[in-house]
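Keeping their order, the protein sequence lines are chains A and B.
Those letters in the first sequence? Residues 903 to 1471, by the working numbering.
Those letters in the second sequence? Residues 311 to 455, by the working numbering.
These are calculated hints, taken from the structure and not from any lab test.
Predicted, not measured: the structure shown is a model, and the values here were computed from it.
Treat the hints loosely; a few may be bogus.
Said to hold, decoys possible - Per label pair, the in silico range of CB-to-CB distance:
hint	chain 1	residue 1	chain 2	residue 2	range
1	B	G374	A	A1019	30 to 36 Å
2	B	R443	A	P1411	51 to 57 Å
3	A	R1443	B	T411	53 to 59 Å
4	A	F1345	B	A404	46 to 52 Å
5	B	A413	A	T1125	36 to 42 Å
6	B	P428	A	A1068	36 to 42 Å
7	B	A393	A	A1131	20 to 26 Å
8	B	A413	A	R1127	35 to 41 Å
9	A	T1442	B	I392	33 to 39 Å
10	B	V388	A	V1057	47 to 53 Å
11	A	L1341	B	V388	40 to 46 Å
The beta carbon of each residue, even a glycine, is placed where N, CA and C say it ideally should be.
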Amino acid sequence: MTHSPYALPAVVLVSLVTVAIGAYGVRLARTTSDFLVASRSVSPRWNAAAIGGEYLSAASFLGVAGLVMKYGVDMLWYPVGFAAGYLALQLFVAAPLRRSGAFTIPDFTEARLGSRALRRLAAGFVVFIGWLYLVPQLQGAGLTLGTVTGAPYWVGALVVGAVVTANVASGGMRSITFVQAFQYWLKLTAISFPVAFLLLAWQHDGRPALGPPAEPAFARATTVRVETAVRVTVDTPTPVTVDGRPGVFREGVQDLRAGTRVTFPAGAAVPHVEGLAARAGPAWLAPGASGDMAGGHALFGVYSLILATFLGTMGLPHVLVRFYTNPDGAAARRTTLVVLGLLGAFYLFPTVYGALGRVYAPELLMTGRTDAVVLVLPGAAVGGMTGHVLGGLVAAGAFAAFLSTSSGLMVSVAGVLSTDVVGRGSVRDFRLAALVAGLVPLFLALRVSGLDVSQVVGLAFAVAASSFCPLLVLGIWWRGLTWVGAAAGLAAGGGSAVAAVLAAIAGPPLTGWPGALVAQPAAWTVPLAFAVMIAVSLATRDRVPEDVGRTMLRLHAPDALRMRVRPSA
Amino acid sequence: MRSALAFRCEGATTGTLRHVTDRPPPERVRVVLSDGRTPRPHVRTGASRELEEQTGVGDALVRGLVRAQLALALRLAVVVGIALGVLPLLFTVAPGLARVTVAGLALPWLLLGVLAYPLLLAVGWVHVRVAERNERDFAELVERS
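Only chain B is shown next, with the shape it has when bound in the complex (with noise of 0.2 Å):
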């Protein structure tokens, strides 16, 4: 993981500068990004030590980032409820729904044996993407301030 992670930023550094300029390459230097082993003292600033401190700011940011990530679950969680939860109702009000045939399977058994999971993971996929940008927002907010 530690080599790798230098290996790409080397290679990267050097890349852009000769692109650049024309001046030699800066010495290399092995890039650490973290390091679980051997926490660096690191002086903590800005918004980052109101976290830790809990001042009004830094829980008002807290607040912020629970409140998006909650509002992303609850909305996933419609779209999930309506899209399945509507189809027991629905296959009740029109039992003729049950005949209609795709591709030689009857739809309520197309609807829950197959065609579910697709959705449950697409839902899931979105999730991942969207909860990890808000993660990011928040750090780069925490960070930059």
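For reference, chain A alone in the conformation it holds in the complex (with noise of 0.2 Å):
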């Protein structure tokens, strides 16, 4: 694996031009609104490619072309569910919500339900939640650092993590607004032109089967560093030279240790992370494969994460927080429609680097690091001062990625600690919440670098559709829902997610169906959400906000009538 040389130099870059804006937006930042919600003053167009640049983040830019190299076909649910998302919340929450004025998700909570003690609990899941999707991406900062320059693993982190701290503290939503925008273009940027270049190196090699019938195989003598240790199972016995020394792998389990350096001869069969089931051709094209994240339940898997996605986007406080900027319930429609399409053109990209990487990478499948596939692509498939200077591209797209969703994630955080649990949220207080809530995951990143950075988004995607979900969708269009109600569904739905994602995390191993239900737990936990939430309701019925009426004319009515209805509070 050679490092390009342009690398260091562009992640540097665009963390200085993170911070400029930055401090160009704080010049501009005078009060509380500035900072938390940007004075409500921000162009759809400039809010879109904003919200777009704060939703691309690790998982997007590297996370979906490493699992599409690893399991192929079925994992293209994850950047389909991730796009459907923001159609979930333009039907059902975008313009009603931006009519309530609220700032954050508590804020609507206690406006809709008048209840302090459900403000508290929503605030408490709005901080789980984002410091969850936190960890990986100071994660996937150290590992992208890691790889293209050799640095320590901790560097990236701290890198990200101090940079979009000191931001956010700085400048807030306002400047971030203008960061992100930015972002957004950056990363599109840097994920599609190299595209181009790939594809004319794999025309220019005749083509080569991204799918051929054995499974992916070197296409010349390759040496691997292994970096971190790591057992592998090797299917045909292979003549390989270890650390200088001729052997030979023989069929069954290796292990290998961190450091050791491995030169496979040209043709050889690439051996393959244990646990992560051969994927040869066929079955790499074919839908199925997915069973193997599910305690192998395939379909069960696929379906849990299809109501993940397209259920927990309108549920990430990050999310919400970008539809306060807009001036109005329709333009917040808009919006999302725009960010839709950005989405999608973004999407089209990550899949040719999955597939080509089998191809020009295959090494990654070994190591089981695929989640740096489209850092070292274009090194491996084009090659010399292109492939250099596309490296850097890469390079600064992903940390792009990290820096702008960090900082929305940091936001909404330190906007929620500030009003909700350290301050009354003054600007003193903003800055103090942004500090603690930058600390703590980079505390945890440090701490734990084994997790894999689609299965925590992913996870992060499963609590919130557990629990915003409901809560925003039953508040939005049910009158009937009571705060004792959303309470015990929040409780119920949300903590069964939340319980899932610590045992998937730090629990023991599981198969068959409790692993499936672990792994992918929101196709039970969702809809016990929802029966909860109503059930509860139904039963309080005398706890009915007497207020709804208005609370719906809000909600609900066109921005033109400019309805005098005063705020429930």
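Taking the hints as your guide, dock the two standalone chains into a single complex.
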């Protein structure tokens, strides 16, 4: 694996530009409203690019391609779900939520249902989801800097953590709106531009089959350096050179220590990480592979993933807080449509990296670091000066992804912390809260380096889909919701999802149905949350807020009417 | 924003009048549709007042709007849910589909990797159009009565 000499300067440049635009924005941010929601004066086009920039995280930029390379076509449900989530948001939430006039989900909850206790519960979920989503961003940063420069893991995590914390604490939302709009376009350029070169290289090489009947093989003699200790499965005996000494990989399991150098002859089959079922061409090309990720129950896994991503987007705190920066409800709806187009354009590209990765960077299947395929592919497939420049470009795009998503998450976590936990929402409270919001996930990211980026992000979607999705959908469309019902639903559905997340991350490895239910919990936690919310609300009918009619009018009446309806508070 | 509206209204007024009659065009006036900073004092009558005061009629109006918007969102969600949701089942029941290729791409890859996004975008576009029409209808209903 060669390091592009342009990668480090590109990463430094992206970080500097981020700080610079942030500093420019500071001069404009003067009030708490500026800090939290940019005084609601951001134009739809900027806003849509900023939403797209904020949303395309490590999971989208690196994780999708890595998963496609490993498991094949089933993993395309991740990007489809990430985009479809915005459609669900547009259909059910965007315009009414903007008209509600609240800053954060806890604000909306209190305004709609009038309960301080429920507000605190919602605040707890915002912080949990935010931190769960922040950890893999920081880890992705560590992986990226390690891959492109050979720096130790903690450096990348620390750099992104520090830049984002400082930026958010000093500028708040106003500055990150510009930062994120800029970063959407950077990410789109970084992922799309190299694709033309990759396809040309593939064409030039005679279009080697992406899914050959045999397992992936090394096209030429290849030396692989093992970064972290790994156990691989060998299917066919292969003559190799290990640390300079000739030897043979026999069929079965091989343990490789960190730092080992293995040289494979041209044409040798690629050993694969133990536990990752061999995906020879036909199996990789056809649907059904996601069974590996859901305890062998492929269909359950796919449907659970669809439910989590389609419904989880609307419950992600950093996504919702962005909608308050639209001037009115109709603009919020139109902005979402533009975002849908921007995301669709982006998600056409990671698939190409995942597919070509099997031809040009098959050693990643052996080291298990498939998350790095977007970063190493330009160097491996194109090579030379062009490959180095493209390598620098994708490294810059990846860093933009970590910086923008972490900024958005940190703003919403800090916003909730500063209004609901540590203070009363002054600018000083917000800065203090930003520090706390950044330090906790940084600490976690430095402690646990073994988590899989995309799986953790998927779990965050599952928690959001089982907590805020039912709360928002029922709160906006059903008069009968009571705060008792909402709290019970949050505790039952969201609580089960949180338990599943903790079991998946820290618990013992599970197989069969228990494994499937824990790895992809949304299929049972989302219906549970809806059912409990509705049932308990019906049982506590006398607690339906008296002003629910006024609230409904406020949420749904067209902006043009300028209804003079007071907030319920 | 303000000046653009004023300009367009003046142009339209003079053009139409000159075409219809030979009388000299009426004096130009500045047309301001809405100005957020200085809300004009207005007396609310009819439906809009009933909305604000939450009378039975106003309540029924809002319920009608909410029901229309929810029905629209649910219908479109069902369209997407069926169009995409049936795919995993279809691929399981008929594995032969994975071997069908269109323009060099296997069908599952084409559907999930490319065609899903135009579908989502088209449904979103329909939603914006119809949801805004529902709101216009509601606003007209309120302002007429």
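Task: Numbered hints the structure breaks, given as an ascending list - done: 7
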